[in-house]
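Since the structure of chain F is provided, determine the placement of chain Y on it from the hints.
Residue numbers (numbering that gives the first Met the number 0), protein chains in the order written: chain F, 0 to 102; chain Y, 0 to 102.
Hints in this document: simulated from the structure, not taken from any laboratory. For clarity, every value in this text was computed on a predicted model and none was experimentally measured. Built from N, CA and C at the ideal position, the CB exists for glycine as well. Please note that a few of the clues may not be correct.
Chain Y regions said to be covered by chain F (calculated; three or more residues, Cβ under 8 Å) [as the list claims (entries may be wrong)]: (1) 40-51; (2) 57-69; (3) 72-79; (4) 82-92.
Here is what each chain is made of, one letter per residue.
2 protein chains.
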Amino acid sequence: MQVLSGRWPSLLLYYLKDGTKRFSDLQRDNPTVSHRMLTLELRKLEAAGIVQRTTFDGYPLRVEYDLTPAGLKLVPLIDALGDWWDETENMRIRRASIPAADV
Amino acid sequence: MQVLSGRWPSLLLYYLKDGTKRFSDLQRDNPTVSHRMLTLELRKLEAAGIVQRTTFDGYPLRVEYDLTPAGLKLVPLIDALGDWWDETENMRIRRASIPAADV
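Okay, chain F solo, but in the shape it has when bound:
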């Protein structure tokens, strides 16, 4: 499940869950991601069968990205992890700040 680690997979899932996006859409949605990084992350997700890449002939070449059925099933799980992270933030920070000696 290495494909899910890192910052971009969950962000790309978030943007793709609402429907088809072009590369340029995803770049505009994520201004801090480089062209190269976005390409690599999308390829990783495609190779894992989470993202579907569709190309349309013509000039310029049109490329669209969608979540696969497996990708769509992943969205609520990533959302739940996000909720867990937010919900437990105070609990985790408070606990992490207790000096070991007091335990």
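Here is chain Y on its own, set in the frame of chain F:
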């Protein structure tokens, strides 16, 4: 959520979900993990407030690890991700093997 990426966090969560473990228990449960890697991963989980480290005076020093309340809440989410990975494996592999041209 970088703390959850990589192989060891989910494995350690799996072993700790059943209750208190000593460092030696975790090492025995994960024979391929080095002492240094296990130490680093446990510290990361502790710093994120997911694992609780308790030391007991005496010789040799006794150290025990438990999941915190936040850590316990994480277990079903990681289980669900594991199930998703298994359930969608065929779906993902079949889709990932479709040559781009046929799409």
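Worksheet item: Count the residues of the segment 82-92 of chain Y with a beta-carbon closer than 8 Å to any beta-carbon of chain F: does the count reach three?
Response: holds (count 7)
Discussion item. When I compare C-beta atoms, does the segment 57-69 of chain Y have three or more residues closer than 8 Å to chain F?
Written reply: Satisfied; 3 residues make the cut.
Worksheet item: Counting residues of the segment 72-79 of chain Y whose CB is closer than 8 Å to a CB in chain F, do you get three or more?
Response: holds (count 4)
Practice prompt. Check, residue by residue, whether the segment 40-51 of chain Y contains three or more positions whose beta-carbon lies closer than 8 Å to a beta-carbon of chain F, and give the verdict.
Written response: With 6 residues in contact (Cβ-Cβ under 8 Å with chain F), the coverage given for the segment 40-51 of chain Y holds.
Every hint from the earlier list agrees with this structure, and none is contradicted.
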